[in-house]
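Engineer: Chains as they are written, first to last, in numbering that gives the first Met the number 0: chain A, 0 to 404; chain B, 0 to 287; chain C, 0 to 246.
Treat the hints as calculated values from the structure; they're not laboratory data.
Keep in mind that a hint or two might mislead.
The calculated SDA-like cross-link candidates involving lysine to any residue, where the alpha carbons are at most 20 Å apart (straight line), are [said to hold, decoys possible]:
1) B/Lys113 / A/Gln269
2) B/Lys118 / A/Gln269
3) A/Lys256 / B/Pro124
4) A/Lys230 / B/Trp255
5) A/Lys230 / B/Leu130
6) A/Lys256 / B/Gly126
7) B/Lys118 / A/Met217
8) B/Lys118 / A/Gly215
9) C/Lys92 / B/Ala278
10) C/Lys27 / C/Asp219
11) C/Lys92 / B/Asp159
12) A/Lys256 / B/Arg127
13) C/Lys92 / B/Arg158
14) A/Lys230 / B/Gly257
15) B/Lys118 / A/Asp277
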Amino acid sequence: MNGSAKISRRLVAALGGVAAISLATSGAALAQDVIKIGAPLPLTGPLSPEGVKQQQGYDLWAETANAKGGIKVGAKTYKVQLVYADYASNTPRAVQTAERLITEDKVSFLFSPFGSGAAKAASTVSEKYSIPTVAATASSEQVYDQGYKYLFGTFTPNDTLTEPLADLVTGKNKSIKRVAILARNDLFPLSIGQEMEKAAKKRNLDVVMSEKYAIGTMDHASAITQMRAAKPDWIFATGYINDLILIRKQMKDLGVKAPVVTMIAGPAYQEFIDASADLAENISSASWWHPAVRYKGEDVFGSTEAFNKAWAAKYKSEPDYAQASAAAAGAVLQIAIEKAGSIEPTKVRDALAAMDTVTFYGRIKFGPTGQVTSLQPPVFQIQGGKPMVIVPDEIKQAEFKFGVN
Amino acid sequence: MIYFQVLANGLVLGGLYACIAAGFSLVWGVLNVINILHGTFIVLGSYIALFSYNFLGIHPFISVITAGALLYLIGHLVQSSLINRVIAAPVLMTLTLTFGLDLLLNNLMLVAFKADYRKLVLDNPLGRLELGPIFMPLDRIAAMGLALLLTFLLHRLLRDSRIGRAIIAVRMDREAASLMGVNVSRINAITFGLGAMMAGAAGSLLSIVYPISPLNSGMFLGKAFVICVLGGLGSVPGAIVGGLALGVIESFGAIWFGPEHAVTISFTLLILILIFRPAGLMGKRGFE
Amino acid sequence: MTALLELKNVSRRFGGLVAVKDVSVSIKQGEIVGLLGPNGAGKTTLVNVVTGVHPATGGSVLFEGRDITHMPAFRIARSGLARTFQIVQPFPKMTVVENVAAAALFAGGAGGMQEAFELARRQLEFAGLADAADQIASTLTLAKRKRLEFAKGLAMNPKLLMLDEVNAGLNSAEVEDAMRLIRRIADSGVTILIIEHIMKVVLSVSDRLLVLHHGELIADGLPAEVTNDRRVIEAYLGKRYAEKTER
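So here's chain A without its partners, still in its complex pose:
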């Protein structure tokens, strides 16, 4: 009896001490207003190259915004605080991570996880809690087809990539007739493969092969052998950067050549060009942004050139579309909060829905599903080891070349 009484007295004293300290420090915390934004990302795992790019984009935006004082909400300014969580490239975990960020870390806004698949899965959670969410790397229309009000995306639908491509190729060369498609069995790569098939059929081209490969495939020899037998004029391969590097190499190993080889999404990245060396030559691709575009905007960066410069200063490289999209997601969220004059979710959400403005990233106007519809995705081709913009004409850097060996 005596012993336990002593212990409980000590416990009360300790608890009292902790309470006092926390009261004192919370007072200090209250002095700094902060907007917490959750960002679940695949920082490890097979998709980590893509996850890291997104992180870089968010970081640059947060730094730039905070350096200028933070986000202005009415008379107050708030600092941006990004809360990252790694879901190791595992989609179910992405959903759990998003929920934890909302319920435990108490973030006010969310940036979607990487890719259409994970973004769609996690959007259910953010919609449930009415958290305005911006998806920086989700392009497939299926992501936005659930009628959600709180989800917005900075990539235009997949057909905005395939249509200009198809126009370009068939416009320049009438002898392109046979199309072979090899798609990764994952939401975005499959979706854009299907869009390509639609675009080809629309123009009366022969789809001589349309195959899928499993996620995690390490050997594409059979599929590529099939491809060779089909004698295509245009090869369209989809996947993420690691898949495409391997597919391109095995195409060379098995002697597959074609007038046009298009790969989405990977050739825009320097890593693809470095790993593929000579094999990257004349590979075409399309993306949602390219550093060659020139826009002047009301966002925190001010213009594309300023953004490129800020990127080079911090990361010593040229930004690619995924990095720019992530930074744009932050910049767009900032504009919405400032226009709404509030951090209240419904008000911010409404400001996003009503937005029609130009940023360093391009004109931002979200369609009824929440996906942006106002961008002009460039088509480009790797020439001399560099990606050169072919379409649109306003920023064209080179002519399209046929023949991939």
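We have chain A; now place chains B and C onto it with these hints.
Structural biologist: Positioned in the frame of chain A, the structure of chains B and C alone reads:
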């Protein structure tokens, strides 16, 4: 006509598979240890080849020797210091131990090397061999050739050397071997070391074929499992037959059922063989 | 002359069961010693303790003056202590000559594979199995498998050979053959400990008899003495018979 190319693809892949499985099969058959570390050992071999090439200019085929030697030492040490303590325990015990050790090693590698996929890009790529309509990349053929050579050497070692005979004796009857003068603990460590050595060597060969990342370890382990069941446990010729069979089956399976089902097919096969012919293609024989 | 093998108060318990209790024995070089006792007396356990399969839980075992009580089995085998098995189980998938060569290689001091096979063939000649050399071991008849055990044991170049129930399952003609082989082995200089539970068989061959009963040594001496020992008769045939014969 296309089927010749598909067959060629399958055989070339199969040679690599044989090398992946040989060490795993040896350890399982002789020590009754399912070495979950095997996949991670292979990846470690790949990294050794990668860094040797990028920093020292050593060709991956030469790294086969250095990676093999280094992995032998690691394997021997791990077995004699840790696994040997539970070697007499049921197989589930040793499985749990190797599983735990694998978690440790794999995550250490993730921290050290990151998950990003690296590619060993040879300055002078070997090009390809064209036999009429059949194209075979020379780097894969060379890797396959070396893989088969290594596996063959392991087979000879087991048959013709004192240590090899001791390993076979231990596999057949551990207690009898001990009473005949075989230091079973030492043989256990040597066998495990040999298994790790084969993994390291396989990793070096695979470094020019596949992207390299700690995330691949599970895939290699899965393949090794299927090949062992296909070819029969503890048998090095079984690993060769199993590996070639799996390569060809996956190759044709992908053409007939679509590439997205290649992995499904191999595991379906695993289940079927376990039901109908659990001793594998090589049957019960094969103590070599 | 120091004993070749000496057991001092050796005991072995398995949990609550005492299989071998306080056994002290001394075996000299060149002897043929018979170890007798009914089934379950602890004979095989005793052999297991000596060869290092189970360490003694009490007492000590000395071989050539060296304490081998806690030595690992393989080292004991290499020191010159060989044994055959009650349930014969050669390496089943190896040929007869490969089985014997293995023994020569691991314990018999053969320098390499070639030497091992030469030694093996010689032992097979000695044991009368030369014509079965290339047969797969699991296909041999029981009698031939027992001879294989002999050959394997000899190939280990032992100083002391322990033969555990070599006659189990053999007919009388085969038993005679086995006994003749044992005498030839003894003549070649190997000390032998032969374990049996049938008295008659072993009497003809042994210089000395030991009798084990419920783990204890109840007799140790010349065959004629031991067979008339009252306790031995009791152990084998029961108390009443012993009383009867005594009268």
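Engineer: Each of the hints needs a verdict: does it hold here or not?
Structural biologist: Do the hints match the structure? See the list:
no. : hint                : result
1   : B/Lys113 / A/Gln269 : holds, 18 Å
2   : B/Lys118 / A/Gln269 : holds, 14 Å
3   : A/Lys256 / B/Pro124 : holds, 18 Å
4   : A/Lys230 / B/Trp255 : holds, 18 Å
5   : A/Lys230 / B/Leu130 : holds, 19 Å
6   : A/Lys256 / B/Gly126 : holds, 15 Å
7   : B/Lys118 / A/Met217 : holds, 13 Å
8   : B/Lys118 / A/Gly215 : holds, 16 Å
9   : C/Lys92 / B/Ala278  : holds, 16 Å
10  : C/Lys27 / C/Asp219  : holds, 14 Å
11  : C/Lys92 / B/Asp159  : holds, 16 Å
12  : A/Lys256 / B/Arg127 : holds, 14 Å
13  : C/Lys92 / B/Arg158  : holds, 13 Å
14  : A/Lys230 / B/Gly257 : holds, 18 Å
15  : B/Lys118 / A/Asp277 : holds, 15 Å
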